[in-house]
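Order-wise, the sequence lines are chains A, B, C, D, E and F.
Here this note's numbering runs 64 ahead of the position in the first sequence, where the first position is 1.
Here this note's numbering runs 64 ahead of the position in the second sequence, where the first position is 1.
Here this note's numbering runs 64 ahead of the position in the third sequence, where the first position is 1.
Here this note's numbering runs 64 ahead of the position in the fourth sequence, where the first position is 1.
Here this note's numbering runs 64 ahead of the position in the fifth sequence, where the first position is 1.
Here this note's numbering runs 64 ahead of the position in the sixth sequence, where the first position is 1.
Please note that the accuracy of each hint is not assured.
Note that identical chains are pooled: a pair holds if it fits in a single copy or bridges any two copies.
To be verified - Taking lysine to aspartate or glutamate pairs in the EDC-like style, the calculated list, with each CA pair at most 20 Å apart, reads:
| no. | residue 1 | residue 2 |
| --- | --- | --- |
| 1 | 127 | 83 |
| 2 | 127 | 69 |
| 3 | 127 | 90 |
| 4 | 100 | 83 |
| 5 | 125 | 113 |
| 6 | 100 | 124 |
| 7 | 100 | 69 |
Worth flagging that the hints you see were computed from the coordinates, not collected in a lab.
6 protein chains.
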Amino acid sequence: MPIVEVKMLTGRSAEQKKEIARQITEVMANAAGARKEAVIVTFQEYAPDHYAVGGEIMADKLK
Amino acid sequence: MPIVEVKMLTGRSAEQKKEIARQITEVMANAAGARKEAVIVTFQEYAPDHYAVGGEIMADKLK
Amino acid sequence: MPIVEVKMLTGRSAEQKKEIARQITEVMANAAGARKEAVIVTFQEYAPDHYAVGGEIMADKLK
Amino acid sequence: MPIVEVKMLTGRSAEQKKEIARQITEVMANAAGARKEAVIVTFQEYAPDHYAVGGEIMADKLK
Amino acid sequence: MPIVEVKMLTGRSAEQKKEIARQITEVMANAAGARKEAVIVTFQEYAPDHYAVGGEIMADKLK
Amino acid sequence: MPIVEVKMLTGRSAEQKKEIARQITEVMANAAGARKEAVIVTFQEYAPDHYAVGGEIMADKLK
C-alpha cells in the first residue's frame with residue numbers, strides 16, 4: 065500500500081489535485097507494480113510564508 | 065522521545081483527538097517502554113479533496 | 065484510511081513493533097471510528113546519531 | 065518546488081525507482097504546472113516488519 | 065538539496081518564520097556544506113488541539 | 065516542543081550532524097522562542113538512488 069505525499073505551494077485547483085492523484089496512482093501501478101486500489105495520495109499545501117528556498121520565504125520571492 | 069504522527073481525514077472531534085492522543089501515549093509507554101512524558105502525538109487532518117485512494121479523491125468517493 | 069507514523073530510536077524488537085501496530089490500530093478503530101482494515105501503521109527508526117534533543121545527539125547523551 | 069515523498073515496502077529495483085521518479089516528475093510538470101527541474105522525488109522504503117495494515121505487520125501477512 | 069521541515073505550534077509571526085528559514089539555511093550551508101540556493105525549509109504549524117505531549121493535548125496544558 | 069526534520073543525501077559525518085543539530089536548536093531557541101531542552105532534531109538520510117531532482121535520480125547525476 066504505497067503512500068505518496070505531495071507537498072507543494074497552495075494555488076492548484078481541486079481539478080488539478082484530482083488529476084495529479086489519478087496520474088500518480090497510475091504511475092505507482094505501472095512502474096511500481098502496486099495494486100491500484102491500494103495506492104494512497106495525499107496533498108499538503110504550503111502558504112507562501114511557510115515555504116523557503118535558498119533562505120528566502122516564497123512570500124517575499126513572489127513580491 | 066517517540067513521535068507519533070496521526071494523519072487522517074478531517075471530521076473527528078477535539079474530544080476524539082484528545083482520546084486518541086491519550087491512548088496512543090499509553091501504547092507507547094506500555095508496548096514500547098517509552099517514558100510517558102516524552103511521547104509526542106501530532107494530528108494532521110486532510111480535507112476530502114486532499115486525500116485519494118485508488119486514484120480517486122475522497123471528496124468524490126463521498127459524494 | 066488513517067496513517068499513523070511512529071518515529072522512534074532503534075532498539076525495540078520486532079515483537080514490540082508488532083504489538084505497537086496492533087494496539088494503535090485498535091485505538092484508531094475505537095477512538096477514531098476508523099475501519100480497522102484500513103489503518104496503516106509505519107515505523108521509522110532513528111539511529112542514536114540521527115536524533116537530538118536539546119541540541120545534543122542521543123549517541124552522546126547515552127554515553 | 066514540489067516535493068513528492070514516495071513511501072513503500074522494500075523490493076522495487078533501482079530501475080523501477082528511477083522510472084517512478086521520472087514519471088511522477090512528468091505528472092507534476094504537466095498536471096501541476098511545476099517547473100520540471102524544481103521537482104524533488106524521494107523514496108522511503110519500509111522493511112516488511114516496519115509496516116502494518118489492519119493491525120497486522122506485513123512480515124506476518126507475507127508468510 | 066536538503067529539505068528541512070519545521071513542525072511547531074502555531075503562534076510564531078511571519079517575521080519569525082522568515083528569520084528561522086534564513087538562519088537554518090545558513091546552518092545547512094555552513095555545517096552541512098549544502099549549496100545555499102538548494103536548501104528548502106518548510107513550516108508546518110499545529111493548532112494546540114493537534115499536538116499532545118505526555119498524552120495531554122496542548123490546548124488543555126495551556127489552559 | 066518543536067520538531068525539526070532534516071532530510072538530505074547520505075555523506076555527512078557524525079560530527080557534521082552533531083553540529084547541525086546543535087546549531088538548529090540554537091536557531092529555534094533564539095528565533096522561535098522555543099525552550100532549548102524541548103527542541104527535537106532528526107536526520108533522515110537518502111541514498112543517491114532514493115532522491116531525484118528534475119526527474120533524474122541523484123545516483124545518475126553524480127556519475
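Identical-chain pair category, residue 100 with residue 83, by Cα at 20 Å | Close inside one copy (15 Å) and across copies (17 Å); limit 20 Å.
Measure nothing new, just compare the shortest in-copy and cross-copy C-alpha distances for residue 100 and residue 124 to 20 Å and report within, between, both or neither.
-> For residue 100 and residue 124, the Cα distance is within 20 Å only across copies (17 Å; inside one copy 40 Å).
Should residue 100 paired with residue 69 be assigned to within, between, both, or neither, using CA atoms and 20 Å as the limit?
-> both (16 Å within a copy, 18 Å between copies)
Given identical chains, is residue 125 near residue 113, meaning Cα to Cα at most 20 Å, within a copy, between copies, both, or neither?
-> Within one copy, since 10 Å is at most 20 Å while 28 Å is not.
When no copy is specified for residue 127 and residue 69, does a C-alpha distance of 20 Å or less occur within a copy, between copies, both, or neither?
-> So residue 127 and residue 69 fail the 20 Å test inside a copy (28 Å) and across (23 Å) alike.
Intra- versus inter-copy proximity for residue 90 and residue 127 (alpha-carbon distance at most 20 Å) | neither (37 Å within a copy, 23 Å between copies)
Can you tell me if residue 127 and residue 83 fall within 20 Å by alpha carbon in one copy, between copies, both or neither?
-> Only across copies: residue 127 and residue 83 sit 17 Å apart there, 29 Å inside one copy, limit 20 Å.
Hint compliance for this structure: hints 2, 3 are not met, and every other hint is.
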